[in-house]
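Asks: Based on the sequences and whatever the hints tell you, model everything.
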Amino acid sequence: MSDLAAGGVVGAAFGEGFAILHDTVKHVVGQIIMFKSELKCLESTLDGIAPTVREIKELSKALDFPEKETKSLIEQMEKGKELVLKCSKIKRWNYYFKAYSYSSKLSKLNKAIEKFCQVNLIVQNTRNGLETLTGVSRNTEIGLKTLMGVNQNTGIGLDTLAEVNHNTTIGLETLAEVNHNTRIGFETLAELNQNTTIGLETLADVNYNTRIGLETLAEVNHNTRIGLETLAEVNENKRALKLVLKHVESQNSDMKKRCGTLSCAVPKPRDYIVGFDLHLKELKRELLKEEVSVLIVTALGGCGKTTLVKMLGWDEEIIGIYMGNIFFVNVSKNPNLKVIVKNLFSYNVDECPEFQSDEDAINQLEQLLNQIGLPILLILDDVWPESESLIDKFKFNIPNYKIVVTSRKAFSRFKFRFKLNPLAHEDAMRLFCHSASMEDGSSYILEENMEKIVRYCGGLPIALEVIGGSLCGQPVEVWQSKVMGWSEGHSIFDSDNEVLARLQKCLDFSADKIILKEYFMDLGSFPEDQRIPATALIDIWTELHESGKNDVHAIANLHELNSRNLASLVMKRKDAEEVSYYYNEEFVTQHDLLRELAIQLSSQKPIIERTRLIVDIRENNLPDWWMKPQLINARLLSISTDELFSSSWCNCNIQAPEVEALILNFQTRNYTLPEFVKIMVKLKVIIVTNYGFFPAELSNFQLLSSLPNLKRIRLEKVSISSLCNTLVQLRSLKKISLFMCNIGQTFGNSTIQVSDSFPNLMEINIDYCNDLVELPAWLCEFLYLKKLNITNCHKLSELPEEIGKLVNLEELRLRSCTELSELPESIRSLHKLRILDISDCLSIIKLPKHIGELHKLKELHMKECLRLRKQLPSSITDLKQLRLVVCDEERAKLWEPFEEFFSNLKVMVAKKDINLNWLSKS
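Here the sequence shown stands for residues 944 to 1865, numbered as in this note's numbering.
No false leads were mixed into what you were given.
In silico SDA-like pairs for lysine to any residue, Cα to Cα no more than 25 Å straight-line:
hint, residue 1, residue 2
1, K1352, L1280
2, K1775, K1799
3, K1227, R1360
4, K1024, H970
5, K1032, K1048
6, K1730, P1651
7, K1281, E1640
8, K1729, S1740
9, K1338, S1300
Because the hints were derived from the structure by calculation, they are not lab data. Just so it is clear, the structure is predicted and the values come from calculations on it, not from any experiment.
Replies: Shown next as C-alpha cells:
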C-alpha cells in the first residue's frame, strides 16, 4: 500500500511539473524570437504527450509507477521551466554570446522528454502488462492446483467443484485479459517505433538549426574580431592624440621659459562650464565645413565667447585635425599688429625677426605659416568693432588654414557667423546655483527668489557668476532685498551699459566688507586683457588700505574677490599644503565688463575729487586737462601709454601730492619717469611695467630719491643701468621686486655701496632675470633683509659665500634656478631662516654639510632636485623645528632613514601639476 501511495504522489507531481512546463512554453513561444525554432519543437513534443500524461496522472493513484525514473524527469521539467524563462529574458545584444549554450540546453530537454515518453514510458507500460500476465499465470496455477486437489479429493462435495469451476472461469477471463493487454503492448510498441522515427526527424531538424546557430556564432565572432581591431585602432589614435597633447604642453612650457608671459597657446578652459556642449558641437560643425575660412563668433559681452573658443582649442577632435598648430591671440581694444606677429613667431621659432612695418610683419608671418604646411587654426579673441580691418590682414591663401574670431559685433561682411545665445533657463539655474554654492539642494532660499534672480540675469554667464557669488552665504533677508530692489520685466541684454549698471548692484557689500569695493576698483588700474601680478596688487592694497599691517590682510581680500567672481586668481603650480605667504608666481585676471565697471565707478566724480585717477594715453594725445595747471587729490594714479608714446611729458603742470600708489604701464623701448613724480611726497609704492615685447631702458630713476615715504618698488621688463652707479637714497624702502629685468651687467658693474642706498631693505624678489649669472657679494650687505627670493633665473650658477652675513634672513627661495650647483657652506650662519626652497634646482647634487645648524628652519622645499640622490648629511637630525618637507618621490626616500629622529615632521610628496591655466592671458 505504501508503494502504491508513493507511486500516486510521484505521478501527481509528474503531472503538475509537466503542466507548469507546458504552460510556460506556450506562454513565451510567441514572445521570444531568438529561440523560436527550439521552443516550437519543445511545444510540439509536449502537445503530443499531453493526453498520455493526463492518463498517467489518473492511473498513478492505482498503479505502482517507477519512482526513480519519474523523479528524474520531474527535475528536468522544473529545470526546463527555469531555462525557458531565462531564454525569455535574454537581451538582443547578449543573444550571440548565449545562443549556442541555451539552444543546446533546450534541445537536450526536448530529447529527454521524447526519450522518456517514447522509450521509458512504453517499456514501463509493457512491464506493467507483463506483471499483470504474471499475476494471471499465478492465478491459473492456483486454479490448476485447486483442480488437482478436486481430482485427488473426489470426496469433496459438488459445492467445492462448483467453486473450482468458478475459479477456473475467473482464471480464463483473466487469461483473456492478459492476452488483450499483450495485444495493447504490441500496438504501443508499434506506436513507439513511429514516435522514434518522428524523433529522429526532429533530431535532424535540431541539428540543422544548431548548424545555423554555429554559423551565426562564427559570424558574430568575425564581427567581434573586427570590432576589437577597430577598438585597437581607436586606442592607437587616442595614444597618438595624447602624444600630440603632450607635445603641445611641452611647446607651451618651452615658450614660457623663452618669453616669460608671452604665449599663443590656447588657455585651458575653467573646470566648471555649463550649457556649452551643444554650442561647441555646432561651432565645430560650422568650422569644419570646407567652404569656411573665417568664422565669426559673436555675442554680447559676458556671454562666454572666449570660453567657447578655449573649449574649441582643447577639443580632442580639433587637436587631432590641427596637430597642435592652434594659435590663440587676444586682440583687445588697442591691438599692436607687430607684437601679435612677434608672439606668433616666438611660439614657432627660437628667434623672432625685427619687422620694419606692419606690412613686413604680415608678409613674414605668411611665409612662416606656409612653411608649417599642416592644417592651421588661428583664434583671434576679442576683436573690437574698430579693429575689423585687422581680420583681413591675417587672411592668407593657404590650404587648410582657418580663422575663428570672437567679437561683440557681428561683422556683416563676413559670410559665416556663429551667434552665441545666452544660457537656457535650466543651464542658467545650474550655473547660478554653482556660483552661489547651492548645488546640494539644501538651501533655505525660496526657489521663487532664485528664479527671479536668474531671469533677471537673462542667461548672461558673467552676470550669473557675479550675482551668485555676491549672494553666496548671505541670509535670506539679503536675497529678498535684492529681489525687491530689482525691477521686473527688463532684459539684461538691452546694452552693455545696462549690463554694467546691473553688475554694479553686485558691489553692495556689508559694512565690514566695504573695503572690497575699493580693492575691486583698483583692478581697473591695469591695462585691458593683461594679467595682473598678485604681488603688485598686494603691494598696492597693503600700503593704501592696510597701512602698517601685514600682507596677509590684502591676500585674504584677494581671495574674497576671487570667491565672489569679481576677479580670478590663477595659482601657478602651488603645493596644496604650502602655508607661507608666497605669491610671486600667481596672477589675477578680470573680465572686460568687470574692468569697465571698475573704471566707471572710479570716474564718476570730477578729476579733482577722485581718489583714484586712471589715465589712458594713445600716441601723444594727452587729455585736455593735462596741459593746464592741475591739482590731483587722488591716492592712486595709473597712467598707461602705448608703443607710439614718445615719453615726452610736455612739461605738464601736474601736481599730485596726495598720491600714495603710482602705476605706470608702457610699451616703448625707452621710458622716462615723469618729472612730477619727485613731488609725490606721500608716495609709498610704485609699479612700473613694460608690456612691450622687448626690455626697455628706464631713465630718470634718480627722481625717486626725493620720496621719503617710498616703501615698495616693482619693476617689470626694464633695464636700469644707473641703479648701481648712481646714489639714490631710499631710506624708507622695504621691498624691491624685479621681474624679467636685465640686471646682470648692472649688478656686476656696481661702483657704489648699494646697501647705503637702501639701508632698511627687508625683501628682495628677483624673478625670470635670465641674464643673472652670479649674485654679487654686495647684495649680502643688507643686514636687515628678511626675505630673499631669486627664482626662475636659469643662468644663475652660484651664490656668494657672503650670504652667511644675512643673519636676519627668514626666507630664502631659489626655486627653478636650474644651473645652481650647490649652496655655500656659509648658509649655516642663517640661524633665523624659517623657509628654504630649492625646488626645481636641477643641478644641486648635495645639501650643505652643516645644514643642521639652521635651528629655526620649519619648511624645506626640494622637489624635482633631480641630481640630489646622495644620502642627506647627518646634521639633518639637528633640525628640531622642521615641520614640513615638500619633495618628489625619489627625494622622499632620502628622508626615510631619518624618520625616527622627527616626531612632528611631515614629508609631503608633491603631485606633478600639468595644469596650463597659468599660461593664459585672459
